[in-house]
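*Asks:* With the hints as extra help, turn the sequences into a complete structure.
As they're listed, the protein sequences go chains A and B.
Under my numbering, the residues of the first sequence are numbered 81 to 372, in order.
Under my numbering, the residues of the second sequence are numbered 60 to 297, in order.
Treat the hints with care, since some could be wrong.
[Unchecked claim] Some chain B residues flagged as far from chain A (calculated, every beta-carbon gap over 10 Å):
| hint | residue |
| --- | --- |
| 1 | ALA69 |
| 2 | GLY125 |
| 3 | GLU175 |
| 4 | ASP192 |
| 5 | GLY201 |
| 6 | GLN235 |
| 7 | TRP277 |
| 8 | MET285 |
[What the hints assert, rightly or not] Using 27 Å as the maximum straight-line C-alpha spacing, the simulated DSS-like pairs for lysine-lysine come out as follows:
| hint | chain 1 | residue 1 | chain 2 | residue 2 |
| --- | --- | --- | --- | --- |
| 9 | B | LYS186 | B | LYS66 |
| 10 | A | LYS241 | B | LYS188 |
| 11 | A | LYS241 | B | LYS186 |
| 12 | B | LYS188 | B | LYS244 |
| 13 | B | LYS263 | B | LYS244 |
| 14 | B | LYS263 | B | LYS186 |
[Claimed, not checked] Short, incomplete list of chain B residues facing chain A, as computed with Cβ under 10 Å:
| hint | residue |
| --- | --- |
| 15 | VAL144 |
| 16 | PRO152 |
| 17 | ALA169 |
| 18 | GLY211 |
| 19 | ILE231 |
To be clear, the hints were calculated from the coordinates, so they are not data collected in a lab.
Even glycine gets a Cβ: it sits at the ideal position worked out from N, Cα and C.
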Amino acid sequence: MDVVIQIIASGLTLGAMYAVSTVGLSLVYGSLNMLNMAHGALLALGGYICFYSMTVLGLPALVGVGAAVVICGLVGLLIYVLTAAPMLGAPQFETGVFIATIGFGAVIENVILRTFGPQPQPQSLQVPGDIVIGHVHIPNQNLLILAVALGLMAAMALLLKRSRLGRAIRATAQNREAAQLMGVRVGRIYAAVLALSGGLAAISGIMVSSLYSLLPNMGGDPMLKAFIICIVAGLGNVTGAVISAIALGLLEATAQYNLGVQYSFALLLFLVIVVLIWRPYGLFGRKQVVRL
Amino acid sequence: MAGALLKLDAISAGYHGQDVLRGLSLAIAEGELVAIVGPNGHGKSTLLRAISGLVRLSRGAIELGGRRLDRLRPDQIVAAGVVHVPQGDLLFPEMTVLENLQMGAYLPAASARLAERLEEVYALLPKLKERRDQVASTLSGGERRMAGIGRGLMADARLLLLDEPSLGLAPIIIDQIYEVIMALKRSGRTILLVEESAARVADKADRIHLLDHGEFVWAGAGSELMARPEILATYLGS
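*Replies:* Dropping the structure here:
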């Protein structure tokens, strides 16, 4: 029983972290058909800004998190202005923006490397203590991550479902031209989506770095997993991304316990292959017919 | 035409540097229902897309109530009072009927009167009220078209552009759609309608313009057009 509790606790924490990271990616792809390869660098940037605010500037944790969210949101906006906006409507938009964001991510990572150096740093935002269920100690840090992730997902669901901005984001994702004909200024919606995704990446980066450590390239692994989750869920499907992230977190924790850490990533990749063969449009995606 | 609501002045527009519309001029007075008919692929939809700002003009000017439209973005053109119900309705498939209607009133002026606009649309299209919580992708073809028109009405536009509202529908549904369009005309709406079939709009439109290869080749009353079989045969093959 203790093993099951341990796996569920670890799996939910992993899944919650993945969900926050994946929702941002999925939102951007769903709205713009854009794979934002700078997303991982935004995670690292968020983690470092929080670290800098708390450790160097001595600011409270909430201010550190707020600063990370705002700055990463602004960098997300900058990604839109410098990479996506000039290419909107271009015939090879998806390929062009894919390459451009790889470059943008490399710039961010190298700025972090020059500023903070290559050595790992501990994230300052740590919640001490744990709770005991059965014989299992669950760190409060993990519980905080889970609670924050659930709160964020609920806020995102409310934003997308109930707000004017959320409806405009969904409308633009479902049919850009029809949204324009309703009076939606799609450029602003795209910019808002990139900014929102940047803010989510910052929180995800703080979560990841609080469990592991800060490194300039720390966003690579979570971004790769977020892509895997996006593909499994169906690119652009935000609800599917959250469900898939939690499920894959639990699966990864189970695999790590039963097979060993070295096999868990291989298992995720195997799962992607199976899903792509069985449902090429993802578990929650919709089949699309493209007329050539 | 003095005091025209919509005025097209020798407009040309197209795609990838190739003009599809060639020097079209047209004026529509307030409360008129004007139909553009012509074969497929001759620029009818492009004309509506040019008015709503989805296609840029290469020459000419478009005015609505004396205000230049052709330099505005599509969202600014909607705010100026032009609503385009595109071919195939282009509903938001994963939204409910109500959410689609809410999107029709996206701009602040319309959203401030959302409840009132919804009641007006439901009064004209009662089926939409029954289906308001249904996801748009699960509607029948006729219901989708009704929802598209209803969404277009939510903005309380000065000019309604309807692109082939009968396309792909059964005759009984087409009759229902045209009953709604005629009710809109009776209520004083200004409508620019595109159709492939002249017979369908001959007794409904105040004027018909025949569009061929991006140029108007004939204009007049529907009854005049139906009395000219040589024109129908030459341009519409009927």
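*Asks:* Hey, does the B:ILE231 contact hint survive, CB to chain A under 10 Å?
*Replies:* This hint is violated: B:ILE231 lies away from chain A, its Cβ roughly 27 Å from the closest one there, beyond 10 Å.
*Asks:* Would you mind confirming whether the straight-line C-alpha gap from B:LYS188 to B:LYS244 stays at or under 27 Å?
*Replies:* holds, 22 Å
*Asks:* Under the criterion of a CB-CB separation shorter than 10 Å, is B:PRO152 in contact with chain A as hinted?
*Replies:* holds, 6 Å
*Asks:* Could you let me know if the closest chain A CB is still more than 10 Å away from the CB of B:TRP277?
*Replies:* holds, 29 Å
*Asks:* Please verify that the nearest CB of chain A lies beyond 10 Å from B:ASP192's CB.
*Replies:* Holds, since 13 Å exceeds 10 Å.
*Asks:* Is the hint on B:ALA169 kept, meaning its closest Cβ partner in chain A is under 10 Å away?
*Replies:* holds, 8 Å
*Asks:* Need the status of pair A:LYS241, B:LYS186: alpha-carbon distance at most 27 Å?
*Replies:* holds, 24 Å
*Asks:* Is the straight-line distance between the alpha-carbon of B:LYS263 and that of B:LYS244 27 Å or less?
*Replies:* Within the cut-off at roughly 9 Å; holds.
*Asks:* When you look at the beta carbon of B:GLN235, is every beta carbon of chain A farther off than 10 Å?
*Replies:* About 23 Å separates B:GLN235 from the closest Cβ of chain A, which puts it past 10 Å; holds.
*Asks:* Run the C-beta distances from B:GLY201 to all of chain A and say if the shortest one exceeds 10 Å.
*Replies:* holds, 19 Å
*Asks:* Report holds if the minimum CB distance from B:ALA69 to chain A is greater than 10 Å, and violated otherwise.
*Replies:* Fine: 25 Å to the nearest Cβ keeps B:ALA69 off the interface.
*Asks:* Should the hint that B:GLY211 touches chain A count as held when the rule is a Cβ pair under 10 Å?
*Replies:* At about 8 Å, which falls below the 10 Å cut-off, the nearest Cβ of chain A leaves the hint on B:GLY211 intact, so it holds.
Violated hints, listed in ascending order, are 9, 19; each of the other numbered hints is respected by the structure.
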